[in-house]
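Asks: Each chain, written out:
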Amino acid sequence: DTEVTQTPKHLVMGMTNKKSLKCEQHMGHRAMYWYKQKAKKPPELMFVYSYEKLSINESVPSRFSPECPNSSLLNLHLHALQPEDSALYLCASSQDTAGHRSTDTQYFGPGTRLTVL
Amino acid sequence: AQKVTQAQTEISVVEKEDVTLDCVYETRDTTYYLFWYKQPPSGELVFLIRRNSFDEQNEISGRYSWNFQKSTSSFNFTITASQVVDSAVYFCALSENAGGTSYGKLTFGQGTILTVHP
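Protein chains in written order, with the working numbering: chain U, 7 to 123; chain G, 17 to 134.
It cannot be assumed that every hint is accurate.
Claimed, not checked - Quick list of in silico lysine-lysine cross-link-like pairs, DSS-like style, CA-CA up to 25 Å: (1) U:K28 / U:K59; (2) U:K44 / G:K19; (3) G:K54 / U:K15; (4) U:K46 / G:K19; (5) U:K42 / G:K32; (6) G:K54 / U:K28; (7) U:K46 / G:K54; (8) U:K59 / U:K25; (9) G:K32 / G:K86; (10) U:K46 / U:K59; (11) U:K44 / G:K32; (12) U:K25 / U:K42; (13) U:K44 / U:K15; (14) U:K59 / U:K24; (15) U:K47 / U:K59; (16) U:K28 / U:K15; (17) U:K44 / U:K24; (18) U:K46 / U:K28; (19) U:K42 / U:K15; (20) G:K54 / G:K32; (21) U:K46 / U:K15; (22) U:K42 / G:K54; (23) U:K47 / G:K54; (24) U:K25 / U:K15; (25) U:K25 / U:K44; (26) U:K28 / U:K42; (27) G:K86 / G:K19; (28) G:K86 / G:K54; (29) G:K19 / U:K47; (30) U:K15 / U:K47.
If you're looking for bench data, these hints aren't it; they were derived computationally from the structure.
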C-alpha cells in the first residue's frame, strides 16, 4: 500500500491565523518531505526529515515550522503567512534505506491547497 | 549543479495517438536515479518509474514505455494509444547519489502538460 494521506484537502487562512497541515504514512518509511508547488510549476523541496530528525531545510522562512512527532506523522505549522504562500503543499515519504536516501522512490500525498487571504 | 529539461511545455493529441514526452538531464555524478511522475488535475503526484544510471534497458509497462539513453542524457517516455485519462502534467526528475545537503533531493523538470482529446 503506497498511500500518503494529507489533511485538510483545502485550507483558507488569513495572514494572522495559525494553522497546521498534517501528513501521515503507514508504509514504514523513515524519510518524509514537504514540498511547495505553485501553479504551473514543479514542486519545490522545503524540508526533509530522516528518522524523525530534520535533515534538510531549504532556507524556508520561519513562518513555516515543520514537526515530525513520530515516524508516521509529519506536520507543517503555519503562522503569519503571506498571500504569496498560497500554493499546493505536498507531503512525500520514502524508505530512507540506510545511507541511500537519494536512491529511494518518493511517494506523494494528494496535497493541501492553501489560500492565504 | 544538476538540471532536468522538459522542452515540451504542452502537448495535445487525439485519443489513440502515440505520444512521446522528452526529458534531458545534466549531472556530474556517475550514479544517479531518474523518475517520472504523473500529476492529474487532482494534484497528487503519482510515481510511474525509477531508473538507475547503470541500467539502460528500456522498460515497458502496459501502454507506457521508457527509453533511457545515457549517451544523450535522455530519458523519454512514450504513451501508446493514448486515452483521455492520460491527460495530466508529467514530470521527469533526477536524484543524485551524493552526500551532503542535496541528499535525497529531487530535481524536477518544468513538466509537460499532456491533453488527450476524445
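Asks: Indicate, hint by hint, whether the structure satisfies it.
Replies: A quick look at each hint next to the structure:
The hinted pair formed by K28 (chain U) and K59 (chain U) meets the criterion: a straight-line CA distance of about 17 Å does not exceed 25 Å. Between K44 (chain U) and K19 (chain G) the alpha-carbon distance is near 19 Å, which keeps this suggested pair within the 25 Å criterion. Our distance criterion of 25 Å between C-alpha atoms is met by K54 (chain G) and K15 (chain U), whose separation comes to about 19 Å. With a C-alpha separation of about 18 Å, the suggested pair K46 (chain U) and K19 (chain G) falls inside the 25 Å cut-off, and the hint holds.
Note on K42 (chain U) and K32 (chain G): the hinted pairing is violated, with a Cα-Cα distance of about 34 Å set against a maximum of 25 Å. For the hint linking K54 (chain G) to K28 (chain U), the alpha-carbon distance of about 23 Å falls within 25 Å, and the restraint holds. Of the supplied pair hints, the one linking K46 (chain U) and K54 (chain G) holds, its CA atoms being roughly 14 Å apart against a limit of 25 Å. In summary, the hint linking K59 (chain U) to K25 (chain U) is supported, as the alpha carbons are separated by about 22 Å, within the 25 Å threshold.
For the hint pairing K32 (chain G) with K86 (chain G), the CA-to-CA distance comes to about 30 Å; that exceeds 25 Å, so the pair is violated. Pair hint K46 (chain U) plus K59 (chain U) does not hold up; C-alpha atoms about 31 Å apart against a cutoff of 25 Å. As the CA atoms of K44 (chain U) and K32 (chain G) are separated by approximately 31 Å, the hinted pair breaks the 25 Å bound. Restraint check for K25 (chain U) and K42 (chain U): satisfied, since their Cα atoms lie roughly 16 Å apart, inside the 25 Å limit.
Between K44 (chain U) and K15 (chain U) the CA atoms are separated by roughly 16 Å; this keeps the pair inside 25 Å, and the hint holds. Proximity of K59 (chain U) to K24 (chain U) is assessed by CA-CA distance (about 23 Å); at most 25 Å being required, the pair is judged to hold. Proposed proximity of K47 (chain U) and K59 (chain U) is contradicted: the alpha carbons are some 28 Å apart, above 25 Å. At most 25 Å may separate the alpha-carbon atoms for a hinted pair to count; K28 (chain U) and K15 (chain U) meet this at roughly 10 Å.
With a CA separation close to 21 Å, the supplied pair K44 (chain U) and K24 (chain U) stays within the 25 Å bound. A threshold of 25 Å between alpha carbons decides the hint, and for K46 (chain U) with K28 (chain U) the separation of about 24 Å falls inside it, so the pair holds. Restraint check: the Cα-Cα separation between K42 (chain U) and K15 (chain U) comes to about 14 Å, which is no more than 25 Å; the hinted pair holds. For the given pair, K54 (chain G) sits about 19 Å from K32 (chain G) by alpha-carbon distance, which is consistent with the 25 Å threshold.
Using a Cα cut-off of 25 Å, the hinted pair K46 (chain U) and K15 (chain U) holds, with the two alpha carbons roughly 19 Å apart. For the hint linking K42 (chain U) to K54 (chain G), the alpha-carbon distance of about 16 Å falls within 25 Å, and the restraint holds. The straight-line distance between the Cα atoms of K47 (chain U) and K54 (chain G) is roughly 13 Å, inside the 25 Å bound, and the hint therefore holds. Pair hint K25 (chain U) plus K15 (chain U) holds up; C-alpha atoms about 13 Å apart against a cutoff of 25 Å.
At most 25 Å may separate the alpha-carbon atoms for a hinted pair to count; K25 (chain U) and K44 (chain U) meet this at roughly 19 Å. Annotation: proposed proximity of K28 (chain U) to K42 (chain U) holds, straight-line Cα distance about 14 Å (limit 25 Å). At most 25 Å may separate the alpha-carbon atoms for a hinted pair to count; K86 (chain G) and K19 (chain G) meet this at roughly 15 Å. Taking the CA atoms of K86 (chain G) and K54 (chain G), the gap is about 23 Å. The hint holds against a cut of 25 Å.
Restraint check: the Cα-Cα separation between K19 (chain G) and K47 (chain U) comes to about 15 Å, which is no more than 25 Å; the hinted pair holds. Between K15 (chain U) and K47 (chain U), the direct Cα distance comes to roughly 19 Å. Compliance with the 25 Å bound is thereby established for this hinted pair.
Consistency with the previously given hints fails for numbers 5, 9, 10, 11 and 15, ordered from lowest to highest.
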